[in-house]
Amino acid sequence: MATTTEAGFTDKSKPDSTSLLSIRSVAKHFGKNIVLRDISLEIAEGEFLTILGESGSGKTTLLRILAGFEQPTSGEVWMQGERLDTQPPYRRRVNTVFQHYALFPHMTVEQNVGYGLQVAKRPAEEIKSRVAEALAKVKMSTFAKSKPSKISGGQQQRIALARALVNRPRLLLLDEPLSALDANLRREMQVELKALQREVGITFIFVTHDQEEAMVMSDRIALLRSGELEQVASPREIYHRPATSYTAQFIGHTNLLYADVRQGTAMCDRLVWPTSLPDGSALFSLRPECIRLARIAPPAIGSANPLSNIRFRATLRDQAFHGATDLLHVESDGGLILTIRIASHDLPNSKAPLEFEFSAADAIPVRDSDNKNEERR
Amino acid sequence: MFSRAYRAAITVPPLIWVAAFLLVPYLLMFCYSFWSVSESGIIIHTWSLNNYHELLTKPVYWQTLLRSMWIAARVTFFSMLLGYPLAYFLSLHAGSRKDLYYQLVIIPLWVSYLVRAYAWKTILGTDGVMNTLLQYVHLTSHPLDFLLYSPFAVVLTLTHIYTPFTFLPIYASLEHIPRNLVEASHDLGATPQQTFWRVIFPLSIPGVLAGATFAFVLSLGDFLAPLLLGGPSGIMISNIVVSLFGAAYNWPLGAAISLCMLVLVLALIFFSERLEKKWSFS
Chain A
1 MATTTEAGFT DKSKPDSTSL LSIRSVAKHF GKNIVLRDIS LEIAEGEFLT
51 ILGESGSGKT TLLRILAGFE QPTSGEVWMQ GERLDTQPPY RRRVNTVFQH
101 YALFPHMTVE QNVGYGLQVA KRPAEEIKSR VAEALAKVKM STFAKSKPSK
151 ISGGQQQRIA LARALVNRPR LLLLDEPLSA LDANLRREMQ VELKALQREV
201 GITFIFVTHD QEEAMVMSDR IALLRSGELE QVASPREIYH RPATSYTAQF
251 IGHTNLLYAD VRQGTAMCDR LVWPTSLPDG SALFSLRPEC IRLARIAPPA
301 IGSANPLSNI RFRATLRDQA FHGATDLLHV ESDGGLILTI RIASHDLPNS
351 KAPLEFEFSA ADAIPVRDSD NKNEERR
Chain B
1 MFSRAYRAAI TVPPLIWVAA FLLVPYLLMF CYSFWSVSES GIIIHTWSLN
51 NYHELLTKPV YWQTLLRSMW IAARVTFFSM LLGYPLAYFL SLHAGSRKDL
101 YYQLVIIPLW VSYLVRAYAW KTILGTDGVM NTLLQYVHLT SHPLDFLLYS
151 PFAVVLTLTH IYTPFTFLPI YASLEHIPRN LVEASHDLGA TPQQTFWRVI
201 FPLSIPGVLA GATFAFVLSL GDFLAPLLLG GPSGIMISNI VVSLFGAAYN
251 WPLGAAISLC MLVLVLALIF FSERLEKKWS FS
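Same order as they appear, the protein sequences are chains A and B.
Residue numbers are given in this note's numbering: position 52 of the first sequence equals residue 52, and the series is strictly consecutive.
Residue numbers are given in this note's numbering: position 187 of the second sequence equals residue 187, and the series is strictly consecutive.
Simulated from the structure, these hints should not be mistaken for lab results.
By construction, the Cβ of each residue, glycine as well, lies at the ideal position given by its N, Cα and C atoms.
Certain hints may be false.
Selected chain B positions facing chain A (in silico; Cβ < 8 angstroms) [unchecked claim]: (1) Thr126; (2) Asp127; (3) Met130; (4) Leu133.
Derived PhoX-like pairs: lysine-lysine, alpha-carbon spacing no greater than 25 angstroms straight-line [as the list claims (entries may be wrong)]: (5) Lys58(B) <-> Lys150(A); (6) Lys128(A) <-> Lys145(A); (7) Lys128(A) <-> Lys139(A); (8) Lys32(A) <-> Lys277(B); (9) Lys278(B) <-> Lys145(A); (10) Lys278(B) <-> Lys147(A); (11) Lys194(A) <-> Lys121(A); (12) Lys121(A) <-> Lys137(A); (13) Lys147(A) <-> Lys128(A); (14) Lys145(A) <-> Lys121(A); (15) Lys121(A) <-> Lys147(A); (16) Lys147(A) <-> Lys277(B); (17) Lys137(A) <-> Lys150(A); (18) Lys137(A) <-> Lys147(A); (19) Lys194(A) <-> Lys137(A); (20) Lys277(B) <-> Lys145(A); (21) Lys150(A) <-> Lys278(B); (22) Lys150(A) <-> Lys139(A); (23) Lys128(A) <-> Lys150(A).
Generate coordinates for the entire structure from the input sequences, incorporating the hints supplied.
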């Protein structure tokens, strides 16, 4: 079961023998500016972990601490039983793929890829064969003699990847490596990168601000918000079981329902559904795709708990076509504005109210992120 | 686009300026270098290569030119030796005090050249600061006379004066190196020393070349430092040009020397620029 730390985030990590990297209460201050506070995270061998956050959330700083370009103000980083944060970057078996690739402009592609082996004074034949192998892996063998300025952004990206992987690091850090690529190439690289990670079996820590990218690629997502971990979980869990209202809104769209709970019943406006929460006010996240058009006939009596299927009437405010789905904005009879995602089809363009329904189980109780003092439910 | 009149108005003045103050004087100098001067000091407008012949045959000229180049080479070397580490420190390790240090390097450039040259005179002279100090601490019993009026004094003064000129382009080229390249190098396992020789230095070569060219060209043509501090052994080629145009009243020979130097310097700048291009990757 998930445990809750003092900071309030869900810590799914299992500090067992498979743990490769252990981040222990790391904080970083730049003068009075607190960029990271009390970050603790265990990363397993071979895992693809994404650090997701908005700009300014501290995700790049966290990555730079792991690479060794920044020192944590407090806390420790351990890798396989060795203290990592006290080592200079060049002694860490950690390599980085930089946001703008950072290829050496005065060296050829081949020299760039061989750089790490070169400075480690590996024998010439070994360098040659490993560089060739790495270039083949990223499908860039034909560009071995080119200068970085002569190849495209996507190609530079591959070289940066090969340059890091050729050193067989224990841990590969990727700092928004796809952000400079156009949308199509980006999607292509996401798939390729994920496949490559499976193939080489190296632990990847991937930093991005793009929640879709995080969902597609990661084994686990660590959502960072103003220097604190909001939630760490698998993409499915973080999407279906968001712990906080911030998570629910940042990852996908959601409807936040501020409800009053009384004796096992949550009430928001005229919507009422059963809940196991104690009495008081509560916040629920209801994904737009969990609301559907109600079937014309009411469900047969006794077929299911009538309370678990919540019906309501609402008028259509607007409808946006998104390809496979349509996004609706509706106003319920009580004046509640809800976003609904349904399979794409034309709705009657009338002012007549429509009937919608959702399952009580899809209304996920979340902690209100704007109210930090509130106890987690 | 722009009207003809407008285009003429903005292009003609600079053209006139360049013609009047650059092309015509150079052309005159070129002509003079093939003319000669009579006993009574009248310019004879007959064309010959006599002046160039004299330059090649009389050792005083080419020896002085060689000495000047040797002095300029030493100035270049020492100002590199001072300027590079200074620029490196400022660009990569000065942190928040970068701007302050930068100003401190630049401020001496605002002080008159003459003042700085004279300052060295008072430091290096027989009763100067240096000799007084050396005798006071009993390192020497007599004033050292090689300190002033010697090539040493000239090299020292010119190094002092031209170090900021080497510093500036080196600093600029170091500032242009993306810092993530330095980080990438460390990330890939290179020690700070390896990073310097494999990444930072190669990428600063354009600045080094520009700085070296500055120091060499400027000190090669210098005549004030040798005049004030050089003494007879520290005479440089420009001093000869000055005296040929002045006291000796032999403009044609002076023009011939000037033209040789001009060609030398232009060739130097040309090659240094080509090398700079080869080493720049932006």
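Against the structure, the hints come out as follows:
no.: 1; hint: Thr126; result: violated (51 angstroms)
no.: 2; hint: Asp127; result: violated (53 angstroms)
no.: 3; hint: Met130; result: violated (43 angstroms)
no.: 4; hint: Leu133; result: violated (43 angstroms)
no.: 5; hint: Lys58(B) <-> Lys150(A); result: violated (54 angstroms)
no.: 6; hint: Lys128(A) <-> Lys145(A); result: holds (13 angstroms)
no.: 7; hint: Lys128(A) <-> Lys139(A); result: holds (16 angstroms)
no.: 8; hint: Lys32(A) <-> Lys277(B); result: violated (45 angstroms)
no.: 9; hint: Lys278(B) <-> Lys145(A); result: holds (17 angstroms)
no.: 10; hint: Lys278(B) <-> Lys147(A); result: holds (13 angstroms)
no.: 11; hint: Lys194(A) <-> Lys121(A); result: violated (31 angstroms)
no.: 12; hint: Lys121(A) <-> Lys137(A); result: holds (23 angstroms)
no.: 13; hint: Lys147(A) <-> Lys128(A); result: holds (18 angstroms)
no.: 14; hint: Lys145(A) <-> Lys121(A); result: holds (21 angstroms)
no.: 15; hint: Lys121(A) <-> Lys147(A); result: holds (23 angstroms)
no.: 16; hint: Lys147(A) <-> Lys277(B); result: holds (15 angstroms)
no.: 17; hint: Lys137(A) <-> Lys150(A); result: holds (20 angstroms)
no.: 18; hint: Lys137(A) <-> Lys147(A); result: holds (19 angstroms)
no.: 19; hint: Lys194(A) <-> Lys137(A); result: holds (13 angstroms)
no.: 20; hint: Lys277(B) <-> Lys145(A); result: holds (20 angstroms)
no.: 21; hint: Lys150(A) <-> Lys278(B); result: holds (15 angstroms)
no.: 22; hint: Lys150(A) <-> Lys139(A); result: holds (16 angstroms)
no.: 23; hint: Lys128(A) <-> Lys150(A); result: holds (22 angstroms)
Consistency with the previously given hints fails for numbers 1, 2, 3, 4, 5, 8, 11, ordered from lowest to highest.
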